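A.B. asks: Read off the chains here:
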Amino acid sequence: GQQLNQSPQSMFIQEGEDVSMNCTSSSIFNTWLWYKQDPGEGPVLLIALYKAGELTSNGRLTAQFGITRKDSFLNISASIPSDVGIYFCAGQLLSGGSNYKLTFGKGTLLTVNP
Amino acid sequence: DVKVTQSSRYLVKRTGEKVFLECVQDMDHENMFWYRQDPGLGLRLIYFSYDVKMKEKGDIPEGYSVSREKKERFSLILESASTNQTSMYLCASSLDGRAFFGQGTRLTVV
Chain Y
73 GQQLNQSPQS MFIQEGEDVS MNCTSSSIFN TWLWYKQDPG EGPVLLIALY KAGELTSNGR
133 LTAQFGITRK DSFLNISASI PSDVGIYFCA GQLLSGGSNY KLTFGKGTLL TVNP
Chain W
10 DVKVTQSSRY LVKRTGEKVF LECVQDMDHE NMFWYRQDPG LGLRLIYFSY DVKMKEKGDI
70 PEGYSVSREK KERFSLILES ASTNQTSMYL CASSLDGRAF FGQGTRLTVV
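Protein chains in written order, with my numbering: chain Y, 73 to 186; chain W, 10 to 119.
Chain Y with its partners taken away, still in its complex shape:
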């Protein structure tokens, strides 16, 4: 299946630092989503992006839909211990009959040291 390249795989930061992670793809997407997953739980939707160039914020989180439609980034400002978890990007393909199918990156494991 389709693959999204998500980086970095893991990050270890100090409380208060800013964080940036990104996803790239060889395919064009018409929707980018960012999720956070706590241990033993299902992923929770953080931000949804629908237009190329769109920049959207949700509290301390900011995400952007790349102009080429092939990438997206997520920034977390002033990290706190509860930001710990795995962050996933997901893209919805523009072309093809299965355009309701999402493809996921492999996740970024974030650890925040108090």
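Bear in mind the hints are in silico, worked out from the structure with no lab data behind them.
Here are some, though not all, of the chain W residues that point toward chain Y, as calculated from beta-carbon distances under 7 Å: (1) G51; (2) L52; (3) L99; (4) G106; (5) R107; (6) A108; (7) F110; (8) G111; (9) Q112; (10) G113.
Per the computed footprint, the stretches of chain Y lying under chain W, defined by three or more beta-carbons under 8 Å from a beta-carbon of chain W, are: (11) 98-110; (12) 116-124; (13) 151-165; (14) 175-184.
Straight-line distance between alpha carbons at most 16 Å, and here's what the computed EDC-like set of lysine to aspartate or glutamate pairs gives: (15) K64/W x E81/W; (16) K12/W x E113/Y; (17) K123/Y x D105/W; (18) K79/W x D35/W; (19) K80/W x D37/W; (20) K178/Y x D143/Y; (21) K12/W x D37/W; (22) K64/W x E39/W; (23) K178/Y x D47/W; (24) K79/W x D37/W; (25) K12/W x D35/W; (26) K178/Y x D68/W.
Keep in mind it's a predicted model, so treat the numbers as computed, not measured.
Cβ atoms here follow ideal geometry from the backbone N, Cα and C, with glycine treated the same way.
With chain Y's structure known, arrange chain W on it following the hints.
C.D. replies: Just chain W, lined up with the frame of chain Y:
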């Protein structure tokens, strides 16, 4: 808020058993999905359904089947469970491209 509910958080089954994983959503979403999640492999799509009684294979359908008799319910069936199906199973439903997940079912096949 959208609510996607999976019937069990934890299951332990024996090799060869038939296993049913149930998922219910309360937002009248047309699209529903089953994923499995394994360390280092991320989320992999098993099956999805875009309408009642409609289904399509995802990336790893082998060993699984699904049932969607009602819009709100999407069931994943392991016809004969094997140890390599030990995993975290996640159900999701979607609207306007946004997918909402259940809490997950941790299945162990012994």
